[in-house]
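Below, each chain spelled out in residue letters.
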Amino acid sequence: MTMLTTPAQPGQHTPRPVPWSKLAWVSWRQYRVALLSAASLLGVLALYLLIMGLRIRTGYASVASCPQLGSRLPHTCEAALMLFGGYHVWGETTAALLMALPMLIGAFAGAPILGRELEAGTFRFSWTQGAGRTRWALARLALPAVTVTAVAAVLSQLFGWFYYPFFATGDSALAPQLFEQTGIAFAAWTLAAFAIGTLAGVLIRKVVPAIAAAMAAWAGLLLITSLYLRRLYQAPLNLHNGGHGASGASPWVISQWWTGPNGKTITTENKIISLLNRPERGYTQWTTYEPGTRYWHFQFIEGAWLLALSVLLIAAAIWLIRRRAA
Amino acid sequence: MTVLTTPAQPDQGKNLRPVPWRRMAWVTWRQHRFAIGGVTAFLGVLALYLLIEGLPIRSAYAAVTACHPASSAVCQSLANNFNTGSYTFQAGIVSALLQVTAALIGAFAGAPVLARELESGTFRYAWTQGFGPRRWAAAKLALLAVAVAAVAAAFSVMFSWYYEPFFASGAQTPLGSTLFDLRGIAFAAWTLAAFTIGAVAGVLIRRVVPAMAATIVAWAGLAYVTGTYLRPHYEAPLVTANPNMPGSAWVIGQWWARGGRPASLSALNQVLRPVGLRAATAGRFQVFGSHLGNFNPVQYLVRHGFTQMTSYQPASRFWTFQFIEAGWLLALSLLLVAATVWLVRRRAA
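Chains as they are written, first to last, in our numbering: chain A, 6 to 331; chain B, 13 to 361.
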């Protein structure tokens, strides 16, 4: 131990820092069991999406091949549509269950990385090695962060392929429960869960409470985003009396309400029902919606702020680590 | 340390009074109060959410039941709006998301009980005390299991209250896969099973986080297999030729028959060919909605001598199924606890 207490000679040696490739190897050695078991589980999920997706798309192909007008065989199309309609429940259930996946992946992957070292005390050893604690933390975080994000991206592409027939037949890709599962949002939400888990691990310093806190924080963030924030990305449009105007991608209908002849909003449910039955003069039905064409715009906004948030949270975790043992 | 190495006197140990069980209850409470409090708080928040969401649902349903005459167009459309509107959609999503609750409780409350002691090494101390490793494990698991199951049972009462209006209208089946396991005594049984899966995973894997992950995976697999393969066969399904099934029946399968024997796909398509229809399977051939205009393929097939057979479980079997499911889950839980205690004893020996 005396070596450590020898005062450093200023110009004597600048030891070559441990190369990143060595750190990557350590990361891989430490995580291979977790990574491989998670990968095999997600592989099973992917297989399920693939098998179901093929059935759904086969059903959709017979609907899509129907001549739209002037068909001599209209019943064929009706039957195809009926069979296809039965798949919709599966699609919706799969989408709902997939929602919990970023939370599980992110919290279980993110919280233990630094939280376990702090809980078990191994940080006293690992942070004082040649790699330096910033590089050590970065090397340990980078591989799992990139992996979970990439895996989530692949899964969400697969889900988008699986769900495509329902988007084509009227489901809005902007609607909550579908927006987060497609495009780049799913990967971004997974990365955010990972970053929240990492910071929770550093702050709480105990793995299990950190996982629980990360799950709760992530679920709260998702709820607030889909209920309140997302519609602020771009002001929703209002329409009165009738359809949504635009053709093509289905809009996300946020709310519908009625106004009376005096311009005031009607709130009584019975009144609205009777209006639906026999429209009276002077009453107007309003629809607030986000057009389906804004899908990619919204995806990039959500992906960008989630990425920024994740970088910020991981930077905060590393800053806390630097400060802690200094 | 010399005291420990003194050879034991044969008769001396007989007079040692074992540590009373109620002391163990106190230790368990002190060690796991955060877990018990966490589970209670988690389900409490969910119950509060169900209460807040449930009140407008009940008032909307009260408007449906108060509307009369019930056969009038306004009342019909009010009822239809309630059964197919946003409340039903929302409740469906809520029940789908609540499926993970039991798995989370099992992972967070069950897996760490023994895995933490094994991972951090404290078992070397805890298991060599006067209480003994077997009694130590059994006391902790029993107390926590009862506490967790009781909290889960209270929560499922809240969920039943929340969901009640949708069953009252008779349009939904209480046996459906995402509703059956949240109501009655099944939710407490599933939570208990998740907890004991967590305990056995903890003693097998000996590390907290992998044991938690394994608990969630094992529970999900068990729940999926049960909902898809086991539950439909707790009792032999009834078979009927009546095409108008009540909405509360749980349909297991449908097929076409002619002359008392199941009809093949080619036989169906032979009859359907003149009208340009083609069935994709010989089984499910359901009409979704009434958007077929004047032509109804079901009635067409009936006119040509086919009968649509449906196998189903009636809603009246709800409590029988509940007791069957809770019974085998309880037996499984006891088995898992016994296995855990046995593993602890083997390890400590």
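None of these hints come from the bench; they were simulated from the model. Worth double-checking, as some hints may not be accurate.
[Claimed, not checked] Some chain B residues near chain A, calculated using beta-carbon distances under 8 Å:
hint	residue
1	A103
2	I105
3	P124
4	I228
5	V229
6	A230
[Unchecked claim] Residues from chain B that keep clear of chain A, each with C-beta distances beyond 12 Å, as calculated:
hint	residue
7	V57
8	L63
9	S107
10	F120
11	S189
12	T190
13	G271
14	Q282
15	G317
16	G339
[Said to hold, decoys possible] Computed list of lysine to any residue pairs in SDA-like fashion (alpha-carbon distance at most 25 Å, straight line):
hint	chain 1	residue 1	chain 2	residue 2
17	A	K27	A	R327
18	A	K269	B	S132
19	A	K211	B	N93
20	A	K211	B	W38
21	A	K27	A	G175
22	A	K269	B	N93
23	A	K211	A	R37
24	A	K27	A	I209
25	A	K211	B	T52
26	A	K211	B	A72
27	A	K211	B	L342
28	A	K211	B	R128
29	A	K211	B	V112
None of these values were measured; they are calculated from a predicted model. Built from N, CA and C at the ideal position, the CB exists for glycine as well.
Proposed proximity, L342/B with K211/A (alpha carbon, max 25 Å): violated (32 Å)
Cut-off 8 Å, beta-carbon criterion: hint that A103/B touches chain A: violated (12 Å)
Claimed clearance of chain A by G317/B, with the beta carbon kept past 12 Å: G317/B clear of chain A: closest Cβ-Cβ about 19 Å, beyond 12 Å.
25 Å limit on alpha-carbon distance, applied to hinted pair K269/A and N93/B: holds (23 Å)
Regarding the hint that I228/B lies at the interface with chain A, is the smallest CB-CB distance below 8 Å? At 7 Å from the nearest chain A Cβ, I228/B passes the 8 Å test, so the hint holds.
Is the claim that Q282/B lies outside the interface with chain A correct, judged by CB distances over 12 Å? At about 15 Å from chain A, Q282/B clears the 12 Å cut-off, so the statement holds.
Hint status (Cβ of P124/B to nearest Cβ of chain A, threshold 8 Å): Constraint on P124/B satisfied, holds at 6 Å.
Against chain A, does T190/B hold up as non-interface, every C-beta pair farther apart than 12 Å? For T190/B, whose nearest Cβ neighbour in chain A is about 8 Å away, the distance does not exceed 12 Å, so it is violated.
Holds or violated: K269/A to S132/B, with C-alpha atoms at most 25 Å apart: Violated - the C-alpha atoms of S132/B and K269/A are around 66 Å apart, more than 25 Å.
Hint check: 8 Å Cβ-Cβ cutoff, V229/B to chain A: holds (6 Å)
Satisfaction of hint between T52/B and K211/A, Cα-Cα up to 25 Å: holds (20 Å)
Quick check for students: does the CB of S107/B sit more than 12 Å from each CB in chain A? violated (9 Å)
This entry does not satisfy hints 1, 6, 7, 9, 10, 11, 12, 18, 19, 21, 24, 26, 27, going by the numbered hints stated previously.
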